[in-house]
Amino acid sequence: MAQDILQFVLFGAVLVALAIPLGAYMARVFAGEASFLRWLERPIFTAAGIRPEQGQHWSAYALALVAFNLAGFALLFLILRFQHLLPWNPLGLPGLSGHLAFNTAISFVTNTNWQSYGGETTMSYLSQMAGLTTQNFVSAASGMAVAAAVARGLASKQLRTIGNFWADMVRATLYVLLPISIVLALLLVWQGVPQTLDTSLTATTLEGAEQTIAIGPVAGQIAIKQLGTNGGGFFNVNSSHPFENPTAIANLLEVLAILVIPVAFCFTYGRMVGDRRQGRALFAAMGILFVVGLGAIYASEIQPNPLYPANVVAADGNMEGKEVRLGVGNSALWAEVTTAASNGSVNSMHDSFSPLGGMVAMLNMQLGEVIFGGVGVGLTGMLLLVIVTVFLAGLMVGRTPEYLGKKIEAREIKLAALTLLVMPIGVLAFSALSLVVGTGQSAVLNQGPHGLTELLYAYSSATGNNGSAFAGLTANVDWHNTFLGLAMLLGRFGYIIPILAISGSLAAKRTAPASAGTFPTHGPVFVTLLVATILIVGALTFLPVLALGPIAEHLSIAAGQSF
Amino acid sequence: MTKATSTTAEIGLFNGAILRRALGQAVLKLNPRGLARNPVIFVTSLTAVLVTILVIRDGVAGADSFGIGIQVAIWLWFTVLFANFAEAIAEGRGKARADAFRATRSTTRAKVLADPRRRDIHHPKDAAALEEGDVVLVEAGDIVPTDGEVIEGVASVDESAITGESAPVIRESGGDRSSVTGGTRLVSDWLVVKVTARPGETFLDKMIALVEGAKRQKTPNEIALDILLAALTLVFLFVVVSLPVFAMWSGTEIPVIYLAALFITLIPTTIGGLLSAIGIAGMDRLVKANVIAKSGRAVEAAGDIDVLLLDKTGTITFGNRMADAFMPLPGITEQQLAEAAHLASLADDTPEGKSIVALAQKRFALRNDTASGASFVPFTAQSRMSGANLKDGTSIRKGAADVILRHVNQPASHELDRIVRTIASSGGTPLVVAEDTRILGVVHLKDVVKPGIRERFDELRRMGIRTVMITGDNALTAAAIAAEAGVDDFLAEATPEKKLELIRSTQADGRLVAMCGDGSNDAPALAQADVGVAMNSGTPAAKEAGNLVDLDSDPTKLIEIVLVGKQLLISRGALTTFSIANDVAKYFAILPALFVTAYPGLAVLDIMRLGTPSSAILSALIFNALVIVALIPVALRGVKYVPASASALLGRNLLIYGVGGLVAPFIGIKLIDLVVDLLRLA
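These protein sequence lines are chains A and B, in that order. So in the numbering used here, spot 394 of the first sequence is number 394, and the numbers just go up one at a time. In the numbering used here, each number is its position in the second sequence, counted from 1, plus 1000.
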C-alpha cells in the first residue's frame, strides 16, 4: 500500500513537472508565437486559404467548428459503412451496420471514442488509421481550439472576435498533438507495442492448439488515443491488452499522456488571460477533486470483496477484473485518470470494481468531465461552472458578479445555466427512456442495482464524452447506438457552443480593474467554493439514482446479498 | 439629520395592520397571471394544483393515501401562500410609506396664470389636471401643486413633507435652486412656477409607485438570478421525472404525491419565494434614506461603484471657510488683531464673519457688547471688503490682501507678504485686517473638513471604492484639503467639461462612476455617470439627468446609496446559497423514505432517524414551507452588511448562509418530524 501511494505521488509530481512547461508552450502556440514549424504551417494555411490573423466572431468560430466536425462525421460514416469496398481490409471485415456506423462516427468526432464494437474484429486497417486515427487527432484539436478561443475571449478587451478556428486547429495538431504522439509512439514501440501492417501472428500453444493473435498498427493509435483524451483502443479490451500496454513503463507513459494536456491547459489558460494565478486556481480545484476521487477508488478497491468466505485470503484487494501484472494501485490510478480526463481507455474492467469504486469513476463523468476533463473542453467545462460559482459569490459580496473583470450578466448566466441541463438530460432522461422502451431495457444484462449502474455508466460515459464502458450492457443495438450517439452530441456541442457564445459576449465587454471590492477568483476561498459548487450540483442531480444503483449495491453486498 | 415626519419614520417589521392586509393579499396573489412572473413559485403552484386533483381522486376512491396526500397538498399550497405573503408584506410596508406621502399631496386647487407676467389674473385648476408647461402662482401658505421650475420670484419653502427637514429652504428663479416639488409648502413670499411634470409623473407619484412595488421592473441581476433558478428547477424536474423509472427497475413504486413533495422541496422555493420581497424591501430602504431611484437598475449599479466623485464644498468640507488663526504683523499683539477683527465682524452674519467672532471670543473671551454704536459695512461687489465704522470714527476693514492694500494705499510689507503666502500655500484664505490706514495682520480662513469624513473614506477604501474630490480651487489648495480629508485623488480647478472628461476616462478604464450634482451644468456629467445622484434642490435639468434624486439634497448620501445597493445583492446571493444548501438535508430525509422498501440497506442514509417514510416526506415539505416565513425578516431587513473586503464578506456569508444552510434543515426537519409523530399526522 505504501508503495502504491508513493507511486501516486511520483505520478503527480512527474505530471505537474511536464504540464507546466507544456502549458507555457501551448500558450505560445495559440498566440501564434511558436514558429519552428512555420515551414510546414505556411503551406497548409496557403493551400487551405486560412488567414490566421483574421479573427472570427464567436458565431463564425462555432459554425466553422460544427461544419468541420459535420464533414468529419460524414466522411467517417461512409468509410465505416463501406469498409468492405475499400482497400486495406486484409481480414475482409464487413461494413458496419447503419446505427453502429452512426454511433461510431459520432463517437470519434466528439472525442468520446465510445466503442459499441470490438476493435480488432470489426475495423479494417483503413477504418482504424484513416478513419479513427484521423478523428483522434482532429477531434482533440477541435477541443483544444475551443479552449484557446475561450481563453482569448476572456482576455480581450472590447473585441468582436475570438480568434480563428482553422488556425487554432492546425496549430494544435501540428505543434502539440503530432510531435508529442510521435515521440510517445516511438517510446511505446520501444516498450514492445506493435506497429505493423501485418494482420496477425499464429502461435502454437502448450496444448499444441493453434492460436491467432491479432496485431497491427497499434503504437501510433495508442499514442494519440491517450494524448488526445480519446480512449478508443485498438483491441477490445483496450489498455489491459499486453500489446496496448505491455510494461510498467508503458503503463506510466500512457497514464501520464492521458492527463498531461488537460493539466497543461490550466497553465496555458493562466498565461493566456494574463494572470497565472487564475490558471493555478483552476488547477487546484481540479486537483482536489482528482485526489479525492483517486483516494476513494483506491480505498474501495484495496478491500477484498466482502462476499468471499472467511477462509479466502485476498491480500491484494479486489482483484476481479484487474490485470495481475498491474495490480490494484495501477488499476485504481488508471480508472481515476481515465474517467476524470474524459479519456475512456481502461486497463481494468470497471464493471468488476467494488460498487463504490465504480461509482466514483461514474461520478467523475457525471460531474461534467471537468476534473481536468477532455483536452481543451475539460477547461471550458470548468469555466462554465466557474461562471455559475462567480455569480453566486459575486452576489454575496454585493457586486454584479465579475470574472476576470468582465461582468457576468443575464446573457452569460442564461448560457451557463443551459449547460447545467446537459447531464440531467443525457444521463437521467436518456437512461430512463431506455428503461421505458423495451429494446433499451432488454440490452441490460444484469438485474437490480448493478444493472442500473451499467446502464447509467454507459449514458454518463457518452454524455461526458468519456467513452469508457462498464460492460454488462449490449450497446450494439439500434436503441443504444442511436441514443448514446445523441448523448455524445449533446455532451459535446451542448457545452462547446454555449461557452463559445459566452466567450464572444465577454470578449466584447469592458474589463474592470480589480479592487478590494472585487471578489478574487484565485484564492483558497474561491477554490473551496468552486469545488463545493461542483460537488453540490453533481450530488443534487445524481444522488437519487446513485442511491438506487451503486449505493444500494454496496449496502446489499455488505448485508451479504449480491446481484 | 433629524427626520421628523411620518414618511421617514421606521415601520416595525411586524406591524399588525400590514400583516393583516398581507394575509389577505397572499390569497389574492394566487392569480395565475401574477404568479407567472416568478418561475419557481409558478411551478410550485402548478404542482399544488396537480396534487390537489390527485388527492380529490384518492378521496373519492377512498384510498389509504388520502390522509397523507391531503396534508401534502395543503403544505404545497402553503408554500405558495407563504411566498405571496412575503411579497405582500414588503408591498404593504411600501404602501404604508406611500400613504404617508399621499397624505401630503395637496387637494387644493392650483392658481393657473393665463399670462405669466400678470400675477393678478389667475383661474383655479385641479392640481392633478395640471399639464406640463402650465404656469401657476404659488403664494405664502399655499401648497406647491406639482413639480415645477421657478420662473419668477424668491420664496422660502418648507420641504419637510418630503424630506423631513424642518428648516425652510430658499427657492428662486435662475441658478441652481430653481426647482420646487409638489406637496411642499411656501412659508413666505410668492413664486411663479412653470409645471415640468406630466400629470401622474411627479416625484411624489414616482416615489409612491416605487415603494408600492406596483411598477417594479426586474433589475438586471434579478433577471440573471431568475434564469439560474429556472434552470435549477428544470434540472430537478429531470431528476424527479426520471426517478419513478429507476425505482420501477429497482422493484418499487413511488406515489406521484411523494414525487411532487420531493420536487418542491428540491427546487429553490426559499429564494424564489423571497426574491421579490428582497427587491421591494431594497427600494424601501432607499426611500427611507429619502432617495428616489428612477429605476432599480440604478440601485444595483450603486453597489458596483468603483469610483465616487464628490464635490468638495458641502460634501467633504462644510462649504464655508472658517477662521482658524490670527496672525499679527510685527509690533501688534495677537489680541489687538483679534479685537479689531472681532469688531469688524460682529454685525457680519456671513459664515466667515461668524467664525471670526467665534474664534476671537474663544481665544480672548471678548464680549458681544463692545461694538455698540458701530455701523456695519457689508461686502459689496464693488468694494470687495467688509468691516465696521466705530463710534469714535475708527474704520476697520477686512478683505483680500490686494484690496486692503489698495484701500490703505500702501505697498505690502515684506512680513505681510510672507504671511499671506504661507496661508495661501497651505490651502487657506488670508483675510487682511486694517484699522484706518494701518494693517494689523491676517486672519487665516480655512476650509474645515467635516468631522468623521476621513473615516468614511477609509471605509469606502476597504470596500474597494476610490474617492475623488472635485473642486474649483487651485491644485495647491485642493491638494492640502485632499490630504486632510483622506481622499484618494482630486480634480482641481474643475469645470463641468473637466468633470465630464474625468468620468469618461475613468469609465474607459472599465470603472463604474458615481457622482452627485445639482446645477444645470452638472447635467451632462450626471447623465454620463453610471450612478448620478441629483439634489432635489437642484435644477430640473440636473434632476432629469440623474438616475437617483436625493430629497435631502445631502451629497454624502451617495455613500448610503452604495450600501443599499450592495445589501440588496448580498441578500439575494446569501438566500440563494442558503436555499440550495438546504437540499442536501432534504435528500437525506426523503430518499431513504422513498427507497427503503426496495433496498432496506438504504435506511443508513436516514441519519436524522425520522419517524416513518411519510412523516419524513411531510416534515421536509413543512420545513421547506416554514423556512420562507422564517426568513421574511431577513429579506425585509436585508442581510447585515459590514463594509469589508470582498474576501472577508464572502467568507462570512458563506459560513452563515452556506454552512448554515447545510446544517439548519437537519435540525429543523428532525424537530418537525418529532411534532408530526407526536400529533400522529403521518
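One or more of the hints may lead you astray.
To be verified - Here chain B is said to cover these stretches of chain A; the calculated rule only asks that three of the stretch's residues, wherever they fall, bring their Cβ under 8 Å from a Cβ of chain B:
| id | segment |
| --- | --- |
| 1 | 26–38 |
| 2 | 266–277 |
| 3 | 332–341 |
| 4 | 378–392 |
| 5 | 417–429 |
Claimed, not checked - Taking beta-carbon pairs under 8 Å as the criterion, some of the chain A residues facing chain B (in silico):
| id | residue |
| --- | --- |
| 6 | V436 |
| 7 | V437 |
| 8 | I536 |
| 9 | G538 |
| 10 | L543 |
Read the hints as simulated data drawn from the structure, not as lab findings. A virtual CB, placed ideally from N, CA and C, is assigned to each residue, including glycine.
We went through each hint and held it up to the structure:
{"no.": "1", "hint": "26–38", "in the structure": "violated (count 0)"}
{"no.": "2", "hint": "266–277", "in the structure": "violated (count 0)"}
{"no.": "3", "hint": "332–341", "in the structure": "violated (count 0)"}
{"no.": "4", "hint": "378–392", "in the structure": "holds (count 3)"}
{"no.": "5", "hint": "417–429", "in the structure": "holds (count 8)"}
{"no.": "6", "hint": "V436", "in the structure": "6 Å, holds"}
{"no.": "7", "hint": "V437", "in the structure": "10 Å, violated"}
{"no.": "8", "hint": "I536", "in the structure": "7 Å, holds"}
{"no.": "9", "hint": "G538", "in the structure": "11 Å, violated"}
{"no.": "10", "hint": "L543", "in the structure": "5 Å, holds"}
In summary, the structure is inconsistent with hints 1, 2, 3, 7, 9 from the numbered list given earlier, while agreeing with the others.
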